[in-house]
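Undergrad: Numbers 1359 to 1609, taken from this note's numbering, label the letters of the sequence shown in order.
Quick caveat, the hints were computed from the structure, so don't treat them as lab data. Cβ atoms here follow ideal geometry from the backbone N, Cα and C, with glycine treated the same way. Treat each hint with caution, since some may be false.
Here are the simulated distance ranges between beta carbons [said to hold, decoys possible]:
1) Gly-1411 <-> Gly-1507: 28 to 34 Å
2) Val-1548 <-> Ser-1459: 48 to 54 Å
3) Leu-1515 <-> Val-1548: 38 to 44 Å
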Amino acid sequence: MPAVRARRNPSLGPSRLTRRNRWSERVGVVGELSVVELIEEVKPRLRGWLHAGMAPLVFAAGIVLVSLAPAGEARAAAAVYAVCGLLLFATSGVFHRGAWSPRVYEALRRADHSNVYLLIAGTYTPIVVLGLTGTTRTVLLWEIWIGAGVGILFRCLWPYAPRILYTALYIVLGWSLAPAFGPLVRHAGVAVFVLTLAGGILYTAGGVVYGLRRPDPSPAWFGFHEIFHAFTIAAWICQYVAISLLTYRLL
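Whenever a hint applies, use it, and build me the whole structure from the sequences.
TA: Structure (structure tokens):
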């Protein structure tokens, strides 16, 4: 990717210029940044705080869910969901808050983007296992996890794929449960279905904001990426309640 000269911008404070220079020194080209690195470095001050703050809450909620789930497949599915959620929010918080060396930055970036696929598959695991039956359950579970595996491989091998492409793939995998909406309503109930659907809509809305980079209300403090993170938190809460209803009805 071509490099661009990091020119002094009067709108950036000394601390931001210092961070930019530190990054330049790490890559061995003082004052020169790739376009992607420049964009990532100049980020809103609240970047990452939403997910960083959410991580301990997800951890606690996961412990409650797993502890109260009946032994067997319900507890195993709840554990998968809890771990995937914690990985996403914790990794995202660490990645977006820190000032990392190029090697660590690239590793965290790949993990952060790959965890989206894990969250999708991890969320659908208890919904499918507890809310569906028979062949539909088996086929959909395999489909979701194979899709997540392919997505993770894609993000690791092509980390700088076009934003619109990998965002679209997130959304496609996220709606892979749609063909089973009918059976889900019958077996899991209307409340679980509505909450699952609401979560999917919120995730999709966040994905659209992320893909389009709009709206971007305050690039210095709370930009499009923070709106995206807010949508993911609201979506996670909706689907956590849905999974809790599915799990606790077995008690």
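Undergrad: For each hint, tell me whether it holds in the structure or not.
TA: Now the hints, each set against the structure:
Between Gly-1411 and Gly-1507, the C-beta spacing of about 30 Å keeps the proposed range 28 to 34 Å intact. A hinted range of 48 to 54 Å for the beta carbons of Val-1548 and Ser-1459 is consistent with their spacing of about 50 Å. For the pair Leu-1515 and Val-1548, the supplied restraint of 38 to 44 Å holds, since their beta-carbon distance comes to about 41 Å.
Every hint, counting from the list given before, is met by this structure.
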